[in-house]
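Novice: Sequence:
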Amino acid sequence: MVALAIKNLNKSYSKGNKIFDDFNVSFDTGELIVILGPSGCGKSTLLRSIAGLEEIESGEIDMDGVNIANIDPKDRQIAMVFQNYALYPHKTVYGNLEFGLKMRKVDKETRQKRIEQVAEMLGLTPFLQRKPKALSGGQRQRVALGRALVNSPKLFLMDEPLSNLDAKLRVKMRSEIIQLHKQLDETIIYVTHDQTEAMTMADRILLLNQGEIQQFDRPEKLYHEPANLFTAEFIGSPAMNILSLPVENQQVQLLNQTFKLPFTYDKSSIYLGIRPEDVTLTSDGEQPILYTENLGNEYLIFVNYQGKEVVIRSDRDYPTNGKYDLSLNPDKLHWFDQDTQLRRSEL
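Residues 1 to 347 (the UniProt record's numbering) are what the sequence shown spells out, left to right.
Derived from the structure by calculation, the hints contain no laboratory data. There's no promise every hint is true.
Said to hold, decoys possible - Listed next, the in silico DSBU-like pairs over lysine-lysine satisfying Cα-Cα at most 30 Å (straight line):
#, residue 1, residue 2
1, 172, 7
2, 182, 172
3, 182, 131
4, 172, 154
5, 332, 221
6, 182, 108
7, 105, 154
8, 131, 172
9, 168, 182
10, 113, 74
11, 91, 133
12, 154, 131
13, 154, 7
14, 260, 332
15, 267, 221
16, 102, 91
17, 308, 332
18, 7, 260
19, 102, 168
20, 154, 108
21, 133, 105
Small disclaimer: the values here were computed from a predicted structure and weren't measured.
Full structure from sequences and hints, please.
Specialist: Put into structure tokens, the structure is as follows:
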């Protein structure tokens, strides 16, 4: 069942700067959707448009079959969690959780019941009488989440809620949001620029670039079957290696390997993509190692190939004074059209 459908959305900023042009997408009930993309791609604008914090020029935002595009933000039954916690410093945790309910004139008994339920769910019960300054960053973020939860919204929007936390706490909060989503079984739309968050949390990832959908699918599909060159280069750390190679007789040559294209192709060159873990080094070659990065559990080895930096993920180090050949796993090659930059697959 569709929880939210955006239809023919148009949105511009000043001087005719078009962000969305007849933009369409829909999200199913109970999904944790992560909107991912580079800075300026429109991900936060999309979220704010759904919430009603940004005016749209035209289009529909349908929630449970009702167009909410012209409904006041406070009446949309949507809860939003921001990057900054936006807590009232003079109020206790209980007071922060209670504020929205009071504004909606919810009776005292119901307010108390909801706050106690949410506090128990988020592990905030021991901190209800503390003020935000007495809480850690993670606890403050839980209060921000709790303030959204107590209002029993139909839809949760989260705009980079973990970006102010340190790396260790981000991992912990990531896990907590995943568990919270399982408990609630509600639709969450989550914006981030961090692809690790996207890959580990999402049921589906909506990848945007310049206001256009590049791919909308499960995380593993974006990684293993990128729809285009942008997705291939954006998803993955380090990024997929991309080489532009000449095509002769439906074949490409890379050092000592020849690869036959698994489809009919009538252009003179093609992009070959290969993940760093699908490349190995062999001795007695021509390629020098530029440098290596020791990550503890693995090595990233950077090799020069015809002026292009190629990255290899390896479980062992290699002497940097040697020269090597690259060996590509033929079952892990990705092909992209030289002109359209779209993925080409087997016939």
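Novice: Evaluate each hint against the coordinates.
Specialist: Hint-by-hint comparison with the structure:
A C-alpha spacing of about 36 Å is found between residue 172 and residue 7, which places the hinted pair above 30 Å, so the restraint is violated. Proximity of residue 182 to residue 172 is assessed by CA-CA distance (about 16 Å); at most 30 Å being required, the pair is judged to hold. Distance hint between residue 182 and residue 131 is fulfilled; the C-alpha atoms sit about 29 Å from each other, no more than 30 Å. The hinted pair formed by residue 172 and residue 154 meets the criterion: a straight-line CA distance of about 25 Å does not exceed 30 Å.
Our distance criterion of 30 Å between C-alpha atoms is met by residue 332 and residue 221, whose separation comes to about 14 Å. For a cut-off of 30 Å, the pair hint linking residue 182 to residue 108 stands: about 29 Å separates their Cα positions. With a CA separation close to 19 Å, the supplied pair residue 105 and residue 154 stays within the 30 Å bound. Between residue 131 and residue 172 the alpha-carbon distance is near 22 Å, which keeps this suggested pair within the 30 Å criterion.
Of the pairs offered as hints, the one joining residue 168 and residue 182 holds, with about 22 Å between alpha carbons and a cut-off of 30 Å not exceeded. Of the supplied pair hints, the one linking residue 113 and residue 74 holds, its CA atoms being roughly 22 Å apart against a limit of 30 Å. A threshold of 30 Å between alpha carbons decides the hint, and for residue 91 with residue 133 the separation of about 10 Å falls inside it, so the pair holds. For the hint pairing residue 154 with residue 131, the CA-to-CA distance comes to about 28 Å; that is within 30 Å, so the pair holds.
For a cut-off of 30 Å, the pair hint linking residue 154 to residue 7 stands: about 19 Å separates their Cα positions. Among the hinted pairs, residue 260 with residue 332 is consistent with the structure: their alpha-carbon atoms are about 13 Å apart, no more than 30 Å. Annotation: proposed proximity of residue 267 to residue 221 holds, straight-line Cα distance about 27 Å (limit 30 Å). For the given pair, residue 102 sits about 13 Å from residue 91 by alpha-carbon distance, which is consistent with the 30 Å threshold.
For the suggested pair residue 308 and residue 332, the alpha carbons sit about 20 Å apart, so the restraint of at most 30 Å is met. Distance hint between residue 7 and residue 260 is unfulfilled; the C-alpha atoms sit about 42 Å from each other, more than 30 Å. For the given pair, residue 102 sits about 35 Å from residue 168 by alpha-carbon distance, which is inconsistent with the 30 Å threshold. For the proposed pair residue 154 and residue 108, the alpha carbon gap of about 22 Å is at most 30 Å, so the pair holds.
Distance hint between residue 133 and residue 105 is fulfilled; the C-alpha atoms sit about 28 Å from each other, no more than 30 Å.
Violated hints for the displayed structure, listed by number in ascending order: 1, 18, 19.
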